[in-house]
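Make the full structure from the sequences, and use the hints.
In order, the protein sequence lines correspond to chains R and S. Take the first sequence: its position 43, counting from 1, is numbered 43 in this note's numbering, and each next residue is one higher. Take the second sequence: its position 29, counting from 1, is numbered 29 in this note's numbering, and each next residue is one higher.
Careful, some of the hints might be misleading.
[As the list claims (entries may be wrong)] Here are the computed lysine to aspartate or glutamate pairs in the EDC-like style, where the Cα-Cα straight-line distance is at most 20 angstroms:
#	chain 1	residue 1	chain 2	residue 2
1	R	K100	S	D18
2	R	K55	S	E102
3	R	K100	S	E68
[Unchecked claim] Incomplete in silico selection of chain S near chain R, CB under 10 angstroms:
#	residue
4	V12
5	A13
6	G42
7	S58
8	L60
9	Y101
These are calculated hints, taken from the structure and not from any lab test. Just so it is clear, the structure is predicted and the values come from calculations on it, not from any experiment. Yeah, the Cβ is synthetic: ideal placement off N, Cα and C, and Gly gets one too.
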Amino acid sequence: AQTVTQSQPEMSVQEAETVTLSCTYDTSESDYYLFWYKQPPSRQMILVIRQEAYKQQNATENRFSVNFQKAAKSFSLKISDSQLGDAAMYFCASTYNFNKFYFGSGTKLNVKP
Amino acid sequence: GAGVSQSPRYKVAKRGQDVALRCDPISGHVSLFWYQQALGQGPEFLTYFQNEAQLDKSGLPSDRFFAERPEGSVSTLKIQRTQQEDSAVYLCASSPMGAYYEQYFGPGTRLTVT
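Written out as C-alpha cells, the structure reads:
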C-alpha cells in the first residue's frame, strides 16, 4: 500500500506571488508515479502535473513545477505568478500500477487579489 | 468530445434505501475508477475496471457496495441498504489506453443519507 500526506490544510498567496504546497508519501515500490490534481469549487478534478519516480528531472508545466526528493519521499508543488483562477483544493496522489491511486487529504489554496 | 458525466448529480436517500449511481466515461476510455470523497477529505479509491473486467475492488467498504461495467463503457455503482456513513461525493474517472496516468474525472454525485 501507499500513503500520501498533505500537512497543510490551507494556504494563502497573494496574486502574482509564488506558493509551495507540500506532500510526502510512503511506498515500498521502486517504480511509481506522483501527481498533483486541482479541484476547483465546481468539483471536477483535473490533472496539474505528474512525475515518474525513475526520472530525476523535476516536471514542469508552465507556471507549475515540482520539487521531487526521492530519498526524502517528498513531492512539493510550486505555483509561480499565482492567479485568481488557481484558487482550489490541491491533491497530491500516487500510484505504482495505475490500477489504484492514493490521494492525500488536500490543501485549500486561497489567492488574494 | 464530451467529458465524463455522472448522474444523478445529487441524491438524497433515506437510511436503508438502495441507490444506483451512473458514470458515463469518455468514449473509448479503457480504464474506469470509482472514488468516495467524504467532506473535506481526498478521494478514496473504491474500485477499478479495465474494459468490463473489475480488476480491483479492494476499496469497496462493505458488501453493500457493488459496481459493474457490463459492456465496458457505462458503469453503475450500487449501494444497498444505505447508511449515514455512506454520505459522500462519489467520483468517477476514466483513462485512455496508453495514458493510464491521465485520469479524467466526472463532476461527482453527492449522496446524502438521512
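What are the numbers of the hints that this structure violates, sorted from low to high?
-> 1, 4, 5, 8
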